[in-house]
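If you're matching them up, the sequences are chains R and P in order.
Per the working numbering, the very first residue in the first sequence carries number 1; after that it's consecutive.
Per the working numbering, the very first residue in the second sequence carries number 1; after that it's consecutive.
The set of hints was computed from the structure by calculation and includes no laboratory data.
Glycine included, C-beta positions come from ideal geometry on N, C-alpha and C.
Hints are supplied without guarantee of correctness; some may be wrong.
Derived, one-sided and incomplete: chain R residues facing chain P with beta-carbon distance under 8 Å [what the hints assert, rightly or not]:
#	residue
1	Thr27
2	Leu54
3	Ser78
4	Tyr110
To be clear about the criterion: a stretch of chain R counts as covered by chain P if any three or more of its residues have a C-beta under 8 Å from a C-beta of chain P, and this derived list gives those stretches [stated by the list, open to error]:
#	region
5	35 to 42
6	180 to 187
Below are the chains, spelled out letter by letter.
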Amino acid sequence: MIEMDGIRKIYRTQHVETHALTDFTITIQDGEFVSVMGPSGSGKTTLLNIAGLLDTFEQGSYLLDGEDVSRLTDRQMSAIRNQKIGFIFQSFNLIPDLNVFDNVDVPLRYRGMKGSNRRAAISKALEVVGLSARTKHYPAQLSGGQQQRVAVARALVGNPSLILADEPTGNLDSAMANEVMDLLETINDMETTVVIVTHEPELAARAQRRLHLLDGRLIDFEAADRPTPLVARPDGSSSARV
Amino acid sequence: MLAYMIRIALLSLRRNPVLSTLLIAAIALGVAVSTAFVTVFYICSGNPIPSKSDRLFYVEMDSWDPNRPYSRRRPEMPPEQITYRDMQGIMASDIPTYQSGMFVASLTVHPPEAEQKPYRERVRMCFADFFPMFEVPFTYGGGWGRDSDRGPDPVVVIDAATNDRLFGGGDSVGKTIRIEDRPFTVTGVLAPWRPSPRFYDTHSGASGVPEGIFMPFEFVRVFEVETAGNLLIWTDLDDSAGFDELAASEAIWIQMWVQLDTAEQLQAYSDFLEAYVMEQKKLGRFGRPLNNRLLNVMQWLDDQEVVPEEATGMLVISLLFLLVCAVNLIGILLGKFLARAPEVGVRRALGASRTSVFLQHIVECEVVGIIGGAIGLGLSALCLGQINRLLDNSGQFGLDLVMVAAGIGLSLVAGLVAGLYPAWRICRLAPAIHLKLQ
């Protein structure tokens, strides 16, 4: 799914150069559940931004689903984000003026789907996160856990092959955090690759593989006990992970 | 996608009503002022009869004082009207397709209902050709025939307002109106007709509306009526002089129009006018150098400076005012858009391209433009109403479909001018930077 080789990312200001990622190389297979840990400033979010085509890099190569993304236009990268990637953020990033239904609708709007197809996909995604009864609610009317579940539905609705979650449980209490992790596992069980950044070791331990970053470098990775599952996609098809 | 963008734009405007009101008010004010003055300019400078403006000619001949030009400012210019005797002389020509001398008189109309008081009405004294020559539209009936010019027969054409006032509207052809001391039969009722500018007689105000009643010219002798327009004379004429003395004098008070459809007609009529003047010179008249002019409608309006310099100046100033309004909004919109950078970051992450983000913000600016423009058009109509009252020209300046379209166009341009830079800036933001800030 993700093949990064020798990625270098430097943030420059007038006086300072910050090496966010240095010669970063990683391969993440289709359907993997990977957690990324590390102290603040270690490059976790930069890794996610580059993986999600939200940021560029100075050096190295990045193949997403076998496609070299370094030469893509903005329109092509936007289309890939829209069709292949789902994002979940620490602070939910729901649009306050839109109700639950319309928030989940946003990625489908940029895909140009027909209304009936959009409605069906949104209903299904909200059903997965258990918020079918809250479609008319606005973000301000929901708890933090519910808001994050809406964000998960929004990430899920386009049936992406990759979910990138940047500290998705950072603003939640432990019960809600576990709920969200359960959801991510459910999504992963549907053969969707999940990469999650977290500071919490017990949540990171639920991933199949844990990456540790320090100063923009991968210093360690551990395999977890969680078995590779047989998968079922939301569209009903199923396949064995390779 | 456009409907979605409009919905998002409306939600964005609702989010901050005070700021949105300010944005809309700025556009509304700019559009109101600019549309009002564009309308004034448009009405003053338009072609009032585009189908044949190059075939209708205003006739001028220099019968003025041999010792001084008619106009000191423009000494090359012949008088703008002609004498009664010269009109009689050149109306003998059979070269023009249509021709009519004319002037405006003020006559007393006696309504058929006894309880209605007599009133003074502006009456255009003209020939039968006036109506086909100027393509005057009729709701009922039509103009009178050329035979009625010779009588003259007591016939009139009335406009819709006069028809409403005297007969309560409807088909009044054949009904009788009493004007001064005589009954006149109505041969036609005009459909709405408002040539802008009123080219056929600029002497009594190019921004005015056509007269309420049209009457065969030769009733000038019957009523011995004087012009209610301009009358200028360079020879002596007693105040006590009667109509016959006036008609035989060098007083100029008649406008003369001819329709010449071909180049041959134009040449033949020019030759005819020249021959007429040379003949008059032999009789001791036309002491000035030969100076006949045949000006088509647009040349005539240009010559008459129907579009005052003030109107052009105000047009430019009003458009600059709209530009200033739009430019002032750039900063406000930039601040508003940048404050929304985290939301834009989310949309970018979810698949919005830079183009989508740019278009969404342009649509928001255009929604502001259109709402502001609609309000501005309303204000513009009020403004034009005020101008009409000030000029006492009975609603000459008003918004027609073209001007409404122009107002909407100006609103869209203003929205675009205000929104281009802020929309470009917001679409260039790196989404990753703002995602953490939300």
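Taking the hints in turn, this is what the structure says about them:
| no. | hint | in the structure |
| --- | --- | --- |
| 1 | Thr27 | 23 Å, violated |
| 2 | Leu54 | 4 Å, holds |
| 3 | Ser78 | 4 Å, holds |
| 4 | Tyr110 | 4 Å, holds |
| 5 | 35 to 42 | violated (count 0) |
| 6 | 180 to 187 | violated (count 0) |
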